[in-house]
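If you're matching positions, the sequence shown starts at 4 in our numbering and goes up one per residue.
The hints are simulated quantities; they were obtained by calculation from the structure and are not laboratory data.
Predicted model only: the values in this text are computed from it and were never measured.
Among the hints, a few may not be true.
What the hints assert, rightly or not - The calculated lysine to aspartate or glutamate pairs, modelled on EDC-like cross-linking and capped at a C-alpha distance of 16 Å, are:
#: 1; residue 1: K164; residue 2: D140
#: 2; residue 1: K174; residue 2: E33
#: 3; residue 1: K70; residue 2: E92
#: 4; residue 1: K117; residue 2: E87
#: 5; residue 1: K111; residue 2: E92
#: 6; residue 1: K117; residue 2: D37
#: 7; residue 1: K174; residue 2: D147
#: 8; residue 1: K119; residue 2: D37
#: 9; residue 1: K119; residue 2: D147
#: 10; residue 1: K119; residue 2: E39
#: 11; residue 1: K119; residue 2: D76
#: 12; residue 1: K119; residue 2: E141
#: 13; residue 1: K119; residue 2: E7
#: 14; residue 1: K183; residue 2: D140
#: 15; residue 1: K117; residue 2: E7
#: 16; residue 1: K164; residue 2: D147
#: 17; residue 1: K117; residue 2: E156
Claimed, not checked - Using C-beta positions, here's what the derived DEER-type ranges look like:
#: 18; residue 1: D76; residue 2: D186; range: 42 to 48 Å
#: 19; residue 1: D186; residue 2: G93; range: 31 to 37 Å
#: 20; residue 1: G62; residue 2: G115; range: 21 to 27 Å
#: 21; residue 1: H148; residue 2: E87; range: 35 to 41 Å
#: 22; residue 1: G132; residue 2: K70; range: 42 to 48 Å
#: 23; residue 1: E73; residue 2: K164; range: 38 to 44 Å
#: 24; residue 1: K164; residue 2: N32; range: 15 to 21 Å
Glycine included, C-beta positions come from ideal geometry on N, C-alpha and C.
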Amino acid sequence: LIMETTFGLPHMVFPGQMEVEASVLRFVNEALADGETPVLFAYSLGKAQEAVALLAEHGIPVLSHPKVAEMTDVCRAAGIELPESVVFEGFALPGQAVVAPPNAVRAKLFRGLKNKRTAMLTGWALQPGAFYRYRVDEIIPMSDHADHVGLHECVTRVRPKRVLTVHGYTKEFAAELRAKGIDAWC
């Protein structure tokens, strides 16, 4: 079994999906209630579409960064049910939220958006200091990777003869498996 172990440390356990979604909605609704534009930073493919779908499901109009809109449109063309993209052009009306990729945190496109509240959607929210690393108002642990518990569940279900770990905490996770008598190497 070859496994990607980005979140292969014992403290890296994600909250449940409902809890994560509730955190996103709380953040967005509080920003809107305070007259601010909520901006969610999420990878352009995957988490951004999850955020767009969640907000649309709750009646919150979404403006998508051009890269997010591009990826969302590709997903729609592939048959995934998502709302039609409205491209963010540097301004938002009251009641609208923005979804953008993480590398847009300091982009010129956002300079005109004076009254904003920002959140990063990333599994790295579990790391100490992540809040300061991303320099946003809030960080929410949303990820499409397996957490520590999920990695162990995979090994248990597959029952491989050997495990090879790649990316992330490869040495640590392989050592943990070896301590359990599993042939594992990074």
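Do the hints match the structure? See the list:
For the suggested pair K164 and D140, the alpha carbons sit about 45 Å apart, so the restraint of at most 16 Å is broken. A threshold of 16 Å between alpha carbons decides the hint, and for K174 with E33 the separation of about 41 Å lies outside it, so the pair is violated. In summary, the hint linking K70 to E92 is supported, as the alpha carbons are separated by about 12 Å, within the 16 Å threshold. At roughly 26 Å between alpha-carbon atoms, K117 and E87 are farther apart than 16 Å, so this suggested pair is violated.
Only pairs whose Cα atoms come within 16 Å are accepted, and K111 paired with E92 is accepted, the gap being roughly 11 Å. For the proposed pair K117 and D37, the alpha carbon gap of about 14 Å is at most 16 Å, so the pair holds. In summary, the hint linking K174 to D147 is not supported, as the alpha carbons are separated by about 21 Å, beyond the 16 Å threshold. For a cut-off of 16 Å, the pair hint linking K119 to D37 stands: about 10 Å separates their Cα positions.
Taken as a hint, the K119 and D147 pair is broken in the structure, with Cα atoms around 26 Å apart against an allowance of 16 Å. For the proposed pair K119 and E39, the alpha carbon gap of about 5 Å is at most 16 Å, so the pair holds. With a C-alpha separation of about 25 Å, the suggested pairing of K119 with D76 is violated against the 16 Å cut-off. Annotation: proposed proximity of K119 to E141 holds, straight-line Cα distance about 12 Å (limit 16 Å).
A C-alpha spacing of about 35 Å is found between K119 and E7, which places the hinted pair above 16 Å, so the restraint is violated. Restraint check for K183 and D140: not satisfied, since their Cα atoms lie roughly 40 Å apart, outside the 16 Å limit. Restraint check for K117 and E7: the C-alpha separation of about 40 Å exceeds 16 Å, so the hint is violated. This hinted pair does not check out: K164 and D147 have alpha carbons roughly 26 Å apart, beyond 16 Å.
Restraint check: the Cα-Cα separation between K117 and E156 comes to about 45 Å, which exceeds 16 Å; the hinted pair is violated. Our hint of 42 to 48 Å for D76 and D186 holds, since their Cβ atoms are close to 45 Å apart. The supplied range of 31 to 37 Å is broken by D186 and G93, whose beta-carbon atoms lie about 54 Å from each other. Roughly 26 Å separates the CB atoms of G62 and G115, a value that falls within the hinted 21 to 27 Å.
Look at H148 against E87: about 29 Å separates their beta carbons, and that is not inside 35 to 41 Å. Taken as a hint, the range 42 to 48 Å is violated for the pair G132 and K70, whose Cβ atoms sit roughly 27 Å apart. Checking the proposed 38 to 44 Å range against E73 and K164 shows it holds: the Cβ atoms sit about 42 Å from each other. Evaluation of the 15 to 21 Å hint for K164 and N32 yields a failure: the beta carbon distance comes to about 50 Å.
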